[in-house]
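Guided by the hints, dock chain B with the ligands onto chain A, whose structure is given.
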Amino acid sequence: MIIEVNDLIKRYKDFLAIDHLNLTIGDGELFGLLGPNGAGKTTLVNAILGLTAVDHGTINVFGEALSTSERAIKKQIGLVPQDIAVYPELTAQENVTLFGKLFGLRGEALRKGVADALEFTGLTDIRNKKPSQFSGGMKRRLNIACAIVHKPRLIIMDEPTVGIDPQSRNYILESVKKLNDMHCTVIYISHYMEEVASICTRIAIVDKGRIIAKGTQEELGRLIEDDQVVSVGVTAPDYSIIEKLKRLPAVKDATVDGHTIRIVLSERKLNAVLDTFLEEDLTITKIETNTPTLEDVFLTLTGRALREGAQ
Amino acid sequence: MREIAAVFLSTVRMNFRDRRSLIFMILFPIVLTLILGTALSSVSGSSDTAEKLDSRAALINQDHGAMAGRMEKFFRSPEIRKIVHTKTYRSLSTAKADLKKQKLDAIIVINKGFTQAVENGSSKKLDFITSGDMESSLIKNITQSYLQRINAYRAAAAFAPQPAAPLLADHALSINGKIPRSSDYYAVTMLIMIILYASAYGLNVVREMNLSPIGYRIRSLPVRQINYLIGKTLGQLATVFLQIIVLVTFFKFIYHANFGSNLPFIFLVCFLLGFIIILLSIALALLFSYKMADTILDLAIPVATFLAGGYVKLSILDTNPIAVALNSWLPNAVAQNLVFQNIYGGTGQTAAGGVLKLTLIALAILLLTIAALRRNNHADLSK
Ligand SMILES: Nc1ncnc2c1ncn2[C@@H]1O[C@H](COP(=O)(O)OP(=O)(O)OP(=O)(O)O)[C@@H](O)[C@H]1O
Ligand SMILES: [Mg+2]
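Protein sequence lines, in the order shown, are assigned to chains A and B.
All letters in the first sequence, in the order written, are residues 232 to 542 by this note's numbering.
All letters in the second sequence, in the order written, are residues 631 to 1013 by this note's numbering.
Next up, chain A with everything else stripped away, as it sits in the complex (with noise of 0.2 angstroms):
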């Protein structure tokens, strides 16, 4: 096992931010850990690595506690943080030296570790510029190059492809699968859903603190395997409808966006819905229904959108 957490518990005074959370993660997963702002996922990661004290549970990596060896266990580890954290002053080479030798290397591994990871991220043309002539998706690459300069067994990636443009998104996604398929386990959070459901084999869903559902993507799906989700457009919704498609036995859960209502259904019968569109005198112009995305599973498991704004 790479990472087991048992029954971790950690507060910020009165507040839970890891409630109960029990995980393992074997030797070369690709592991998702999907879930929203505030989830607790962050935290997870700071616990993992002992970055911040936990008021309960224990937490082994590569099978061992992390106190008994924590530099030898932190030498064997990357961590791509949240933050873009690089040097602004020193160029990405330079960058990427320091934290290798930060990691231990020296002499012939260390200037191939920076080689490979500034050809890795596709650094490579721009290893003398410094981060401040970089784009966005460039600096994100360069944090990236700066945890894995030391060839890790495990990597964790904390959301980095926040803020980016597809392209650079999509070369990152391509990296992380590749590092991967290097024999290499990676950790990768996230609140996107499309993009865990892309690269990840295994995926648990995080929200306040607990781990409300885990498994491949198809596990996930199957949990709702028998639910459908059927979008309504009307010309003019009104909440009412809301709390009367709530009350119906069938609904798991019902939401609007703009002139859509968004409905999760748990038999495939749609009758009661659309006497209920009806009742309320509610002028339909479109109804399609598809199967079930992870983004639903979340939903419906939750109630709540996985990103604000999200539908």
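In short, the hints are calculated from the structure, not lab data.
A few of these clues could be false.
[To be verified] A few chain A residues that don't get close to chain B, going by computed Cβ distances all over 10 angstroms:
#1 H287
#2 K382
#3 G394
#4 C415
#5 H422
#6 S429
#7 T486
#8 G489
[Said to hold, decoys possible] Simulated restraints on C-beta separations:
#9 R1005(B) with R337(A): 26 to 36 angstroms
#10 K477(A) with P843(B): 37 to 47 angstroms
#11 D412(A) with P843(B): 23 to 33 angstroms
#12 K726(B) with Y470(A): 31 to 41 angstroms
[To be verified] Residues from chain A shown here face chain B by an in silico Cβ test under 7 angstroms; the list is partial:
#13 L280
#14 L282
#15 K306
#16 L310
#17 D314
#18 A316
#19 L329
#20 L336
#21 A340
#22 R342
#23 E498
#24 R499
#25 K500
The structure displayed is predicted, hence computed values, not measured ones.
Glycine is no exception: its CB is placed at the ideal position from the N, C-alpha and C atoms.
What follows is chain B with the ligands alone, placed relative to chain A:
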């Protein structure tokens, strides 16, 4: 050891690429010395070697009072003209048009009521319209330090029974009868003052470790945090030491300021002061908070400089028992006296006694910093 060396070297490298701090630490004291040492004093030193800076300012005088007149004169003095070319404009709109056309870097507007405002101790009636580039901030700095100096005189005049004289000759520094030219005097006091502002380098160590994503990343590395901090702090110290050497060299060989014949001793004193201020800032930032330490130092540095006679040498500082007591332990005052005595002679503390005093202060602050670091290590700093 290896990681300390790596952090140390990259810190020095980064600092020397940070143009803004370099300008502040090296150019600012030189410019200030020019202003304080020449324009306001009748004892004018040689300064034909002044930096040729091409900044152009428009001056619009809408006040016509005594203070406004003095300020105009200040800008017309040949010393200042070497740094800032000031042209008097009648109308604001013409000046603004020229600023737009990049014929000017800044416009200084002396508003109506300026003279009265300055007499009441405020400088509110002064407006800056700038293009926002480096030249314009230089102009702003020059004008503001000029006003600060006037305010220092006014504050001192309120204490002292006799009117504060702008000439150093009234207050001999040394009993040997050797009196520094004012330009030499300010070369020393501005050097001491700028070393105090090296506090920014100390504060930076704590800001990076506790408040920036870099510090977060460092904690995830297989590096002992204390080693990183030692490397970082040594890098900051080395940077300031190198800056001191550059400054003294400039003052001595280009500006021909009198630094006596014992440069190693002067470097030793400056290094001790740099060590004290950097470690003190680190300790303050760890014990309180970065912001609090920043505020404290921002207030304390001008006060300490004033008390040591850095802006203006006043007899009250030598006679008032409180000022004398403070000055005998304020590190900047002790250092400044050591330097002056080394150059001009004079009695008072012996050189060895003064250096010992600075060393003791440095050791005490080192212990304080170590204690503060221990506390910081135990704190929960996940973000
Ligand atoms: N140092 C702290 N003090 C108090 N509360 C904290 C602290 N750090 C995190 N929290 C709280 O703990 C909760 C979990 O935070 P965490 O940063 O782990 O969320 P996250 O899942 O990483 O969210 P995001 O997607 O926004 O990064 C949040 O509600 C946050 O406000
Ligand atoms: Mg987070």
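Status of each hint after checking the structure:
no.	hint	in the structure
1	H287	holds (15 angstroms)
2	K382	holds (14 angstroms)
3	G394	holds (14 angstroms)
4	C415	holds (16 angstroms)
5	H422	holds (18 angstroms)
6	S429	holds (27 angstroms)
7	T486	holds (32 angstroms)
8	G489	holds (36 angstroms)
9	R1005(B) with R337(A): 26 to 36 angstroms	holds (33 angstroms)
10	K477(A) with P843(B): 37 to 47 angstroms	holds (42 angstroms)
11	D412(A) with P843(B): 23 to 33 angstroms	holds (29 angstroms)
12	K726(B) with Y470(A): 31 to 41 angstroms	violated (55 angstroms)
13	L280	holds (5 angstroms)
14	L282	holds (5 angstroms)
15	K306	holds (4 angstroms)
16	L310	holds (4 angstroms)
17	D314	holds (4 angstroms)
18	A316	holds (4 angstroms)
19	L329	holds (5 angstroms)
20	L336	violated (10 angstroms)
21	A340	violated (13 angstroms)
22	R342	violated (14 angstroms)
23	E498	violated (45 angstroms)
24	R499	violated (46 angstroms)
25	K500	violated (48 angstroms)
When held up to the earlier numbered hints, the structure conflicts with 12, 20, 21, 22, 23, 24 and 25 and fits the remainder.
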